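Using this note's numbering, the first residue of the sequence shown is number 102, and each one after it goes up by one.
Please keep in mind that the hints were generated in silico from the structure rather than gathered at the bench.
Note that the structure is predicted; figures quoted are calculated from it, not measured.
The C-beta atom is built at its ideal place from N, Cα and C for all residues, glycine as well.
Heads up, some of the hints might be wrong.
Between beta-carbon pairs, the in silico distance windows are [as the list claims (entries may be wrong)]:
| # | residue 1 | residue 2 | range |
| --- | --- | --- | --- |
| 1 | E180 | A244 | 27 to 33 Å |
| 2 | R112 | T328 | 49 to 55 Å |
| 3 | A345 | G223 | 17 to 23 Å |
| 4 | G353 | H146 | 38 to 44 Å |
| 5 | A345 | R262 | 37 to 43 Å |
| 6 | N164 | R262 | 45 to 51 Å |
| 7 | G140 | G349 | 22 to 28 Å |
| 8 | P156 | T315 | 18 to 24 Å |
| 9 | D255 | T315 | 24 to 30 Å |
Okay, derived cross-link-like pairs now, DMTMM-like style, lysine to aspartate or glutamate, Cα gap no bigger than 20 Å in a straight line [said to hold, decoys possible]:
| # | residue 1 | residue 2 |
| --- | --- | --- |
| 10 | K176 | D152 |
| 11 | K176 | E114 |
| 12 | K176 | E139 |
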Amino acid sequence: MSGKWADRTRRDELPDDWYTVIRPYVLHRDEHRCRWREGRIVCGHYANQVDHIVPGNDHRYENLQALCAHHHAVKSSREGNAARWRETVRRPPERHPDRAGVAAVSALVAQTAVGLYGAQSGVAAFHDTVPVEDIASPDGIDAPIVPLARGLSDDLERFLRDPQRGSRRVAKEMLRPVQQIRNGQFAGAAVMGRANQVAGALFQDVPSDHGHFTVPYLAHVLRGLRTEVPSYVRDVLEGRTPPARVTGRLGGIVVIADADAPSIALRESWPDGVPQGPLPPYPEGNVPGTPGKAA
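Model the full structure from these sequences, guided by the hints.
In structure tokens:
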């Protein structure tokens, strides 16, 4: 290692009484409870670390808070990524505008961009979108995906390693930028547990590793792959209007027949027009078209 950081650590920037006075005082003041806040919810778990609320060298008590190890790592990671974003200019991928204009992005990618880049989140998320043409084209490159999570089932390993087509290819390409983000996070925190099974999902044995995401990312993206066509998609194919729980959430459904599948007649989505209003919660959590899902 070379440069100004070769013989310098964060500890060198702390006051001499950090470990003897300041840190113990803050932990005692906050009752060893994590002060991390998401909306109105405070973590409250056991805290043994002290964080600077505003990054830098302001060591006044009002700029310090107790955090648990997990949320301290999350905050530090976000601050580091945000600093790198400010110091560098990210060039957009070399894509033809017509291809990038019709693209898809996982909700997890967008969520990460909002947390890291704030007002620049739209630009950051755009860099990780997947052109629909790249997914649909049989000539597109389908490179293997190597996740940090260990203990994958044989069928999931083959899915990530081997070229895919159809809905499997869609799911794999939606997963790719999510996995790239995860690969840049703390590898030692990869979880070996298993995610909750989703009825009808193609992959039932999926690691629960979530990194800094809010949900297990593999299960979140791959649960859109189904063992059979969902009932609301059959409604579209057979000319019926899907239930209100679907029409109230989505503007429409695009059904693409696999080249290897039997020929089917495609009809337009619900004829009553595009639904308006907020998106209600979807109980089954398997609506195709939701960012991060593959129909």
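Structure-based check of each hint:
1. E180 to A244: 27 to 33 Å: Check passed, 31 Å falls within 27 to 33 Å.
2. R112 to T328: 49 to 55 Å: Roughly 54 Å apart at Cβ, these two residues keep to the hinted range, so it holds.
3. A345 to G223: 17 to 23 Å: Because 31 Å falls outside the window, the suggested range is violated.
4. G353 to H146: 38 to 44 Å: Distance hint for G353, H146 holds at roughly 43 Å.
5. A345 to R262: 37 to 43 Å: Because 41 Å falls inside the window, the suggested range holds.
6. N164 to R262: 45 to 51 Å: holds, 48 Å
7. G140 to G349: 22 to 28 Å: Distance hint for G140, G349 holds at roughly 24 Å.
8. P156 to T315: 18 to 24 Å: Holds, since P156 and T315 (Cβ atoms, about 23 Å apart) stay within the stated range.
9. D255 to T315: 24 to 30 Å: holds, 29 Å
10. K176 to D152: holds, 9 Å
11. K176 to E114: Holds, at roughly 19 Å.
12. K176 to E139: holds, 12 Å
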